[in-house]
Amino acid sequence: MRAIGMILAGGNSRRIKELTKNRAVAALPIAGNFRSIDFALSSMTNSHIQKVAVFTQYNARSLTEHMSSSKWWNFGRKQGGLTIFTPSVTDDNNLWFRGTADAMYQNLSFLKNSHEPYVIIASGDGIYKIDYAQVLEYHIAKKADITVVVKELPEGFRAERYGCVKMDDHNRIVDFEEKPIIANTHTVSCGIYVLRRRQLIEFIEKCAEEDRHDFVSDILVRYRDVKTVYGYPLESYWSNIASLEDYYRTNMDFLKSEVGNFFMKEYPIVYTKADDLPPAKYNRGSNIKNSLVASGSIVNGTVEDSILFKKVFIGNNCYIRNSIILNDVYIADDSHIENCIVESHSTLKAGYYHKSESGVDVVSEKADRYII
Amino acid sequence: MITEFQEKPDEPHSNLASMGIYIFSWKILREALMANADQPNLDFGMHVIPYCHGKGERISAYEFNSYWKDVGTLHSYWEANMELVDIIPEFNLYEEYWKIYTKSQAVPPTYIGRDAYIERTITGEMTEISGKVYGSVIGCNVIIGEGSEVHDSIIMNGSRIGAGCYLNKAIVAEDVIIGDNVRLGGGEDRPNDTRPDIYNNGLVTVGERSEIPDGISVGMNSVVAGVLKKADFPDGGLPSGSTLIRGGDRK
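Protein sequence lines, in the order shown, are assigned to chains A and B. Numbering (my numbering) for the first sequence: 1 to 372. Numbering (my numbering) for the second sequence: 1001 to 1251.
Heads up, a few of these hints could be off.
[What the hints assert, rightly or not] The calculated SDA-like cross-link candidates involving lysine to any residue, where the alpha carbons are at most 25 angstroms apart (straight line), are:
id, chain 1, residue 1, chain 2, residue 2
1, A, LYS256, B, LYS1099
2, B, LYS1103, A, PRO268
3, B, LYS1132, A, ALA274
4, A, LYS273, B, ASP1180
5, A, LYS265, B, GLU1146
6, A, LYS355, B, TYR1094
7, A, LYS355, B, VAL1227
8, B, LYS1099, A, MET252
9, A, LYS265, B, ASP1038
10, B, LYS1103, A, GLU266
11, B, LYS1103, A, THR45
12, A, LYS289, B, GLY1113
13, A, LYS265, B, ILE1059
14, A, LYS17, A, SER356
15, B, LYS1132, A, GLN199
16, B, LYS1099, A, SER356
[To be verified] Covered by chain A, per the in silico footprint, the following chain B stretches (three or more residues, Cβ under 8 angstroms):
id, region
17, 1119-1130
18, 1187-1196
[What the hints assert, rightly or not] A few chain A residues that don't get close to chain B, going by computed Cβ distances all over 10 angstroms:
id, residue
19, ALA31
20, THR64
21, ASP91
22, ARG158
23, GLU160
24, ILE182
25, LYS206
26, GLU209
27, ASP225
28, GLU235
29, ASP253
30, MET264
31, LYS265
32, ASP276
33, ARG284
34, LEU292
Since the hints were made in silico from the structure, they are not lab data. We treat Cβ as the ideally placed atom computed from N, Cα and C, and that holds for glycine.
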């Protein structure tokens, strides 16, 4: 593969509220066993990209822990592999990454020391499968300076939260607005870009000179008229975790067989760090309908239209509906949870009741556990 | 100190059994292996240990008092699996301080369908349950179709059970394809016609990578294996105690 990969996973979305209090958006758990960054990492490895850098910043701990071994995505190799860049204080720099372009600038040697002619930039919070090799082929065929992967949003989805794109009949991008007040298009940027490595170095050095720091607003938007920027329309599933509602909806999408099968059964598969967990267990009295249950979980009660992540315990006579129960949650007997996301490691005492009447609530309860 | 050692005797002189775990001084082992090098099917329990015992080597026993189960017969294998679905099994896989490691086959969670029902069961990753499952051990990447019922069975990795099937005390090996409306197990209690010593206790066994066509029924104490066609079952099925093994794996 003639490209290196860069994954921008530094973001901290305030619209996800409690769930990103202690973890990066890219480390958000998805569909029982995955974390959101797995989708970008898996697409990279499945496209035979051999050298990938992940830029991380806010709440990097859970993310670096997840990527503590690169073997899960087949990046454990002598040449290239997976590199993680977190901001670090050096002799001539004591700043955080002030933006995505600044993050690349502070680690410019990674780009300069590579020999691959192209760079694929992706965000760490997109849920999709894509063959970057095809995007690169398209980029070369179109003789583009930058190619942006774009998605036509289905009816009912608001485009204002994304980079909004207008293309001509040949898919050349004629307008690009980042999170406009009112969007007059339904085509949005997926946050995946392809460009020549030397071109990117040039952009980033120019940015740094001008004290600009953001890849999208300071490079993509500013240069959209002087450079040839093309859109590559993505036909398959794409979702971006930009808000709590997005997070909830994206997880629930995995209950639909077309989405579940696309990610979990159809080739190429999505990789993640695997734990050696025992099988999921359903005791007498359990009653589960239309739900995903990850390994290590034990269910004694009723679970409907929900996702149970790893090592979840559901007590006797519980009723769980339309909810996402994150890793290692203990829900004691006679509890009722409806329209909620229960934060990892929570312990809900017997008889706990929480039903959200509108939208989805995040439940986080810490209590001592006594387990035989 | 061990004073007597019998390998699989008809009448055991003791209820202390060897678990097949040995620690040797290298010199003793080396000597025993060299001395018995010409013995066909050289076996630790059958030859090496009795040889050392006969030579008067000091052989001591370590008495292990925790869970141990040998799964050397079909029935003990089935039993060991069934014990795992007990509410708190004697051998608890969910123990934090003694994890059991394995090659993780697949990672995605199990999907339990809208009309499914599942209890007293454990399931592996990537499995999809649309039918009803009671008291069973289901592996990874298994599919159990709509309207099927599975009781007290073991379904191994990668097997697919069609719609409207009924399985009772079945052991279905890996990558088996079972059509729709297939019935496995139950029926009259008759011993197996070829190997009653293996296929017994009401179990019905399906060999790996087998295929069973739609609408077939096979009774208990039976074994079927191979890619089977409707023509293999002139009577639409097999009575209890049957053996039907066809060569030729499915690719």
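Hint-by-hint comparison with the structure:
1. At roughly 33 angstroms between alpha-carbon atoms, LYS256 (chain A) and LYS1099 (chain B) are farther apart than 25 angstroms, so this suggested pair is violated.
2. Restraint check: the Cα-Cα separation between LYS1103 (chain B) and PRO268 (chain A) comes to about 20 angstroms, which is no more than 25 angstroms; the hinted pair holds.
3. Only pairs whose Cα atoms come within 25 angstroms are accepted, and LYS1132 (chain B) paired with ALA274 (chain A) is rejected, the gap being roughly 28 angstroms.
4. Distance restraint check for LYS273 (chain A) and ASP1180 (chain B): the Cα-Cα separation of roughly 36 angstroms exceeds the 25 angstroms cut-off, and the hinted pair is therefore not satisfied.
5. For the proposed pair LYS265 (chain A) and GLU1146 (chain B), the alpha carbon gap of about 19 angstroms is at most 25 angstroms, so the pair holds.
6. Taken as a hint, the LYS355 (chain A) and TYR1094 (chain B) pair is broken in the structure, with Cα atoms around 30 angstroms apart against an allowance of 25 angstroms.
7. For the proposed pair LYS355 (chain A) and VAL1227 (chain B), the alpha carbon gap of about 52 angstroms is over 25 angstroms, so the pair is violated.
8. Taking the CA atoms of LYS1099 (chain B) and MET252 (chain A), the gap is near 31 angstroms; set against the 25 angstroms cutoff, the hint is violated.
9. Among the hinted pairs, LYS265 (chain A) with ASP1038 (chain B) is inconsistent with the structure: their alpha-carbon atoms are about 51 angstroms apart, more than 25 angstroms.
10. For the suggested pair LYS1103 (chain B) and GLU266 (chain A), the alpha carbons sit about 21 angstroms apart, so the restraint of at most 25 angstroms is met.
11. Taking the CA atoms of LYS1103 (chain B) and THR45 (chain A), the gap is about 21 angstroms. The hint holds against a cut of 25 angstroms.
12. Under the criterion of a C-alpha separation no larger than 25 angstroms, the hint pairing LYS289 (chain A) with GLY1113 (chain B) is consistent with the structure, at around 6 angstroms.
13. Between LYS265 (chain A) and ILE1059 (chain B) the CA atoms are separated by roughly 53 angstroms; this puts the pair beyond 25 angstroms, and the hint is violated.
14. For the hint pairing LYS17 (chain A) with SER356 (chain A), the CA-to-CA distance comes to about 16 angstroms; that is within 25 angstroms, so the pair holds.
15. Of the supplied pair hints, the one linking LYS1132 (chain B) and GLN199 (chain A) is violated, its CA atoms being roughly 59 angstroms apart against a limit of 25 angstroms.
16. Distance check on the hinted pair: LYS1099 (chain B) and SER356 (chain A) sit about 37 angstroms apart at the alpha-carbon level, beyond 25 angstroms; violated.
17. Taking a C-beta to C-beta cut-off of 8 angstroms, the region 1119-1130 of chain B contributes 8 residues in contact with chain A, enough for the three needed, and the coverage statement holds.
18. Requiring three or more residues with a Cβ within less than 8 angstroms of a Cβ of chain A, the coverage given for the region 1187-1196 of chain B is violated, as only 0 such residues are present.
19. The beta carbon of ALA31 (chain A) is not kept farther than 10 angstroms from every beta carbon of chain B, the shortest such distance being approximately 7 angstroms.
20. No Cβ of chain B comes within 10 angstroms of the Cβ of THR64 (chain A); the nearest lies about 20 angstroms off, and the non-interface call holds.
21. Every beta carbon of chain B lies more than 10 angstroms from that of ASP91 (chain A), the smallest distance being close to 43 angstroms; the non-interface claim holds.
22. For ARG158 (chain A), the non-interface assignment is confirmed: its Cβ lies about 30 angstroms from the closest Cβ of chain B, beyond the 10 angstroms cut-off.
23. The claim that GLU160 (chain A) is not at the interface with chain B holds, since no C-beta of that chain comes within 10 angstroms of its own (minimum 33 angstroms).
24. With a minimum CB-CB distance of about 39 angstroms to chain B, ILE182 (chain A) clears the 10 angstroms threshold, and the non-interface call stands.
25. Every beta carbon of chain B lies more than 10 angstroms from that of LYS206 (chain A), the smallest distance being close to 43 angstroms; the non-interface claim holds.
26. With a least beta-carbon separation of about 45 angstroms from chain B, GLU209 (chain A) lies farther than 10 angstroms from that chain, consistent with its non-interface assignment.
27. With a least CB separation of 44 angstroms from chain B, ASP225 (chain A) remains clear of the 10 angstroms interface cut-off, as annotated.
28. Every beta carbon of chain B lies more than 10 angstroms from that of GLU235 (chain A), the smallest distance being close to 23 angstroms; the non-interface claim holds.
29. Once the 10 angstroms rule is applied to beta carbons, ASP253 (chain A) is consistent with being away from chain B; the minimum gap is 13 angstroms.
30. Consistency note on MET264 (chain A): stated as away from chain B, yet its beta-carbon is not over 10 angstroms from all of that chain's, at 4 angstroms minimum.
31. Against chain B, the non-interface label of LYS265 (chain A) is violated: not every CB pair exceeds 10 angstroms, the least being about 7 angstroms.
32. Consistency note on ASP276 (chain A): stated as away from chain B, yet its beta-carbon is not over 10 angstroms from all of that chain's, at 5 angstroms minimum.
33. Against the 10 angstroms criterion, ARG284 (chain A) falls within the reach of chain B, whose nearest CB is about 5 angstroms from its own CB.
34. Distance check on LEU292 (chain A): its Cβ comes as close as 4 angstroms (rounded) to a Cβ of chain B, failing to clear the 10 angstroms threshold; non-interface status is violated.
In the structure shown, a violation is registered for the earlier hints numbered 1, 3, 4, 6, 7, 8, 9, 13, 15, 16, 18, 19, 30, 31, 32, 33 and 34, in ascending order.
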